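Engineer: Chains F, P and S, in that order, are what the protein sequence lines are. Position one of the first sequence corresponds to residue 64 (the working numbering), numbered consecutively onward. Position one of the second sequence corresponds to residue 12 (the working numbering), numbered consecutively onward. Position one of the third sequence corresponds to residue 54 (the working numbering), numbered consecutively onward.
Simulated from the structure, these hints should not be mistaken for lab results. No experiment lies behind these values; they were computed from the predicted model shown. Heads up, the beta-carbon is just placed ideally off N, CA and C, and yes, glycines get one too. Among the clues, some could well be false.
[Unchecked claim] Here are the simulated distance ranges between beta carbons:
no., chain 1, residue 1, chain 2, residue 2, range
1, S, ALA68, F, SER514, 27 to 37 Å
2, S, GLY205, F, GLU450, 31 to 41 Å
3, P, LEU135, F, VAL80, 55 to 65 Å
4, S, SER203, P, GLN308, 22 to 32 Å
5, F, THR333, S, LEU230, 45 to 55 Å
6, S, ILE72, P, VAL116, 50 to 60 Å
[Said to hold, decoys possible] Some, not all, of what chain F presents toward chain S, calculated at C-beta under 7 Å:
no., residue
7, SER107
8, VAL110
9, ILE263
10, GLU384
11, PRO385
12, THR387
13, PRO391
14, PRO403
15, LEU426
16, GLY434
17, LEU435
18, LEU436
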Amino acid sequence: MADILRMTGITKRFGSVIALRDVDFDVGEGEIHALLGVNGAGKSTLVKIISGLYVADHGTIWVAGQQRSIQSPRDAIGCGIAAVQQHPELVGDLSGYENIFLGQEGERHSLFDRVDRKAMRARAEKLLERFPIEIDLSTKIKHMESVERETVAILHALKQEHVKLLILDEPTSTLTQLEAEKLFEVMRTLKASGIGIVYITHRLEEVFEIADRVTIFRDGQKVASLDTSDAAHDEASISRLMLQEEMGELYPAKAPEVATPPVLEVRDLTVTGALERVSLTLRHGEIVGGFGLVGSGIETLAKALFGAERPNGGEILLNGEPVTLKGPKDALRRGIFLVPGDRKTEGLTLTKNIIFNATLANLGRASYPGGLLKRRRNDTLIAEILEQLDLRPPQLWRRAAEFSGGNQQKVVLAKGLFSEAEVYIFVEPTVGVDIGARAKLYALIRELSKSAAILLLSSDFDEICGLADRIFSLYRGQMSVPPSRDLPRDKILAGGLMGAER
Amino acid sequence: MSDLTLSPRQSRKRPGDQLLTFGLPLVLALIVIVFGVISPAFVSAENIASTVRSSSIAGLMFLGLTWVFAVGEIDVSFVAVAALANMIIAGLISGGTSWELACLVGFLAGSFIGVVNGVLVAYLRLPSLVTTIAVGGIATALAASIGEGYSISIPEAKHLAFITETRFGPIPLLAPICALAFLIAWYVQEKLTLGHYIYAIAENREAVVEAGVPVRRIIFLLFVLAAVCASFAGLLLTLELTSGQPSIAASFFLDGLTAVLLGGTMLKLGKPNVLGTLVSVLVLSALVRGGALLGWQDSVFQIIKGALLVAGVTVIIWSNVERD
Amino acid sequence: MTIEALRPLLARVVALAVIVVAIAVIFQILAPAYLSERNILSILKQMTVNGIVAIGLTFVIVLNRFDLSLAGVASFCAMTLGFLLAVTNSLLLSVIGCIAMGAFCGAISGMMVGRLRLPDVVTTIAIGSIAYGMGFVYSGGKHFSQNFFSTGILDINDSKLLSIPMPVVIMLGVAVLAYLILHQSRYGQSFYAVGENPTSARLSGVPVRLYLGLGFVICGALVGASMMLNVAAVGAAYVNTGNRILLPSYTAVYLGAALFGTPTILGSLAGAFLMAMLLNGFNILSVPFYYSDAIVSFILILAIAIFSPQTLTWLSRSLRLTGGRSRSTAETRG
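So here's chain F without its partners, still in its complex pose (with noise of 0.2 Å):
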């Protein structure tokens, strides 16, 4: 296998941060070469260097047998590298084809050009000629699926003739398993067509199923190379020498079994066209985790439960008491709190501080009756509750937006607690959290479930198989499993991927 990169020695610093030291790296023709490694590691650092976005300070590069200097994008594109961002951008309004050719419609590349749609199209064709892949290209973005938005973008980077190198930035982060899988056939597309790849993911067990070889990094070094094919490794040794640990010690102990009243009760909760009678207890003492992908009902269910949406039957009680929520201003005065799946978008003001933030959703508490803030008691307040959380650093007048994912949601949790919530709703609580602040993370929510109910709603099968006590699957709005304990994980993953067993 002829390589079509290879690096030799680069080391890249940041002021007195180095950020990678002196690293080998190489990829060959029709190979995919997944690189693996917690959030500044170094993976993205190298990919930045190959894609021309970062200049190293020192080591070689080869393209394809040539000594080659990368200094800008322009360089990297003029060597064959083409690189596919992780929320890449595409224009809704427009066709398929028509983003793959934005900027390049006409033959001169002016401002008046003729747009030739036929001539794009044929283009366009002539490119699923050399990449035989099942899509159409006719569709409005705003209308295609995420892993056919996916495919728009790959082949908008190979649109060059001579693409050697495709990098790949976690494209599966939005993508359900299912979709994934399609991603996956177009990886293999590109693979049997000569083109090396290199793939940047969080998920191993992708690593596995997709990659040739993997690239593990840890702390700007790199720590292995290894084929996946060699029977030696597993997903268990990778994760170790990502972290010098054992998963196992991401997540805490599992609590007993409990028979407190229940604080949270759903009984055969509808909504039409995403959630189907769906029922669940929550105690305290006890984590409940609900698996189920993008499009499963988790996203609904967390909602409904929140006020957010209306259900169409079944009952909510709280305290045995049924309740109707009318909104999530209801919701959170019943003492439901939503820790929701976007912190940035959903669950923080980013520009505000953090004393803003935490107050946010229980003014009543942060107020004497007349309206005006209880400052003083509200800063104490605030403080003591973030010592708790750890919140790093402890500067409570920092912007939400200054802090990393982890600590963000830390501020998200705070809210909570100073809302004084007894159930708390966690959707997709790690996106974007590295796996040291995870671990913390879920410390805290173990904690939490000692005075709170917690229901924990994720597509992170790992995440829910190694936090909640009881766990059920969500299928297409349909329990297939219903919360149990001690279930095989086989049978919950199952039951979320592909529904109930008939």
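Since the structure of chain F is already known, use the hints to place chains P and S on it.
Structural biologist: Showing chains P and S alone in chain F's frame:
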């Protein structure tokens, strides 16, 4: 290769779309018929000529404005630009400069306001609304300062007057000029990359930037174009009124916004476009002429235009909401 | 755990004071009567109309919306006031009617923007134009000045409380109330939450649409209140009373936002005060209105340029280069 079907798939059409597309021309026809019946003077050659002439000036003024709105920005300085061009021309002529030179200087000075807007909004990325309010304020102030707050009377332009005065039957010369401008603009909007990018930028600016399209230059150009159009309209107003008035175009402000946004209800389903602007200009002109014949006051027009503006925006928003 | 940062408020107040002193010194040199007690009071009195409008506008700007109906609504309110004075001969009734009409116009804008989700800019332009047209309804465009003596509306302008002109007292009262609401109460926190991130606000139990509507209502009501002072000062109500209100009030709010890093009541008031200082000075020097308009516009551009995130990023970068920590810039935006 399996199911590659690159023939354009029919987008999901709803019955309301047709009405939306042809609603505005229908309204125009309705207005013409109703006023024609109530007041026969409305369809006299004289009235048609003057309606078409004022529509042409307004149309030329709002042509560039249309794309500023289409790209997702806003420009409220066009009225001030027209006034500035008008006052500079009048000021120069009353000082003894020739008509040709005065027109050239006034036109260029007005267009320069667009350059200022463009630099501030496209390159310094200041918010367009407040920026154009302020730049418009400066232009208005400059226009007023030329006549020290008063209007300037000037003699008629002998050999340039034909531009506004020539008529072929009920059709003034300005009409084919305006029509040609809109035809070219329609071609640019529908067939050339510039138009393609304008609507793409409105939807996802980042994607267009990443595609290597000079987005800033486009936005800059659109602001300049808006000012060029407004400036040219100011020039025409000078020829027609043979005077310089600091608030000459004030009444065009609401018309411009209404025309552009009402026009967005036509053809491109909620997006401002030049043909829509042209038709709504005709609607507004016909309404004003007809109403004037019936003795309506300015305040009534204010109310009607405001209501039309709200209606246009509502239709745009609702048609887009239902779509997705 | 550090709660209290060194609030940069002091630095900002100092900066403001420097600007005030600079303006005062320049005008004092050019026109020696500038700093007389009489003139200072007249500056304060001059700022009241724009100051009150700017306070109202601040609520809308904090919500991240625009209200361009100010001019039309102001004219309509003024005519309503004049009409009510002529008809009812009751000051209280007329003033309540005037403020209520402003609030009503604001409520319509607020409902369209908040509930129907129409774009704020165009909607308020339309509402403003309709309101302007409605101003003609009472008299067909003729001005009102009947019963101005008998009702005592003129006294609002002429009377004093503890030797402070009544309009200034009224403005300060409005400002204190607005300050308490926007900066010291849960309601103000909700206003900012809705303006910065409506989704997170809604999920935090803040009734987003209500606050959007409320902002426009407050703005409209204060436009009405400012017109009460304006009509009292002018001595008559004209259909174009509100024409020169939009630019100075936006300038005041953005100047305040530039000075204080974010739109605030104190900032808007400071902005209005600076504007009044300038306009009064130009007036004394008999600079024609169009030049002072040009200067106001220019200040507005400067203010938004300083307030813009681009400039702030640039500033923070240069501060970091000189070894300063990023804290100061973070606070600038926060």
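Engineer: Work down the list of hints and note, for each, if the structure agrees.
Structural biologist: Quick rundown of the hints versus the structure:
At about 48 Å, the beta-carbon gap between ALA68 of chain S and SER514 of chain F misses the expected band of 27 to 37 Å. Between GLY205 of chain S and GLU450 of chain F the Cβ separation comes to about 60 Å, which falls outside the hinted range of 31 to 41 Å. Distance hint for LEU135 of chain P and VAL80 of chain F: a CB-CB separation of about 33 Å, inconsistent with the stated range 55 to 65 Å. Between SER203 of chain S and GLN308 of chain P the beta carbon distance is about 31 Å. The supplied range of 22 to 32 Å therefore holds.
Between THR333 of chain F and LEU230 of chain S the beta carbons are some 48 Å apart, a value that agrees with the proposed interval 45 to 55 Å. Hint check: ILE72 of chain S to VAL116 of chain P, Cβ distance near 37 Å, so the stated range 50 to 60 Å is violated. Nearest Cβ of chain S to the Cβ of SER107 of chain F: about 22 Å, over the 7 Å cut. The hint is violated. A least Cβ separation of about 25 Å between VAL110 of chain F and chain S goes past the 7 Å threshold, and the interface hint is therefore violated.
Proximity of ILE263 of chain F to chain S is violated relative to the hint, the smallest CB-CB distance being about 28 Å (cut-off 7 Å). The interface hint given for GLU384 of chain F is violated, since its Cβ lies 20 Å from the closest Cβ of chain S, which is over the 7 Å cut-off. Hint status for PRO385 of chain F: violated, given a least beta-carbon distance of 21 Å to chain S, over 7 Å. Below 7 Å, beta-carbon pairs count as interface contacts, and THR387 of chain F has none with chain S, the closest being about 16 Å; its hint is therefore violated.
With a least beta-carbon distance of about 5 Å to chain S, the hint placing PRO391 of chain F at the interface is held under the 7 Å criterion. The closest approach between the C-beta of PRO403 of chain F and any C-beta of chain S is roughly 6 Å, which is under the 7 Å cut-off, so the hint is satisfied. Proximity of LEU426 of chain F to chain S holds as hinted, the smallest CB-CB distance being about 4 Å (cut-off 7 Å). A distance limit of 7 Å between C-beta atoms decides the matter here; for GLY434 of chain F the minimum to chain S is near 4 Å, and the interface restraint holds.
The beta carbon of LEU435 of chain F is positioned within 7 Å of a beta carbon in chain S (closest approach about 5 Å), and the interface hint is therefore held. Of the supplied interface hints, the one on LEU436 of chain F holds, with its beta-carbon coming within about 6 Å of a beta-carbon of chain S, less than 7 Å.
Hint check: violations occur at hints 1, 2, 3, 6, 7, 8, 9, 10, 11 and 12; the rest are consistent with the structure.
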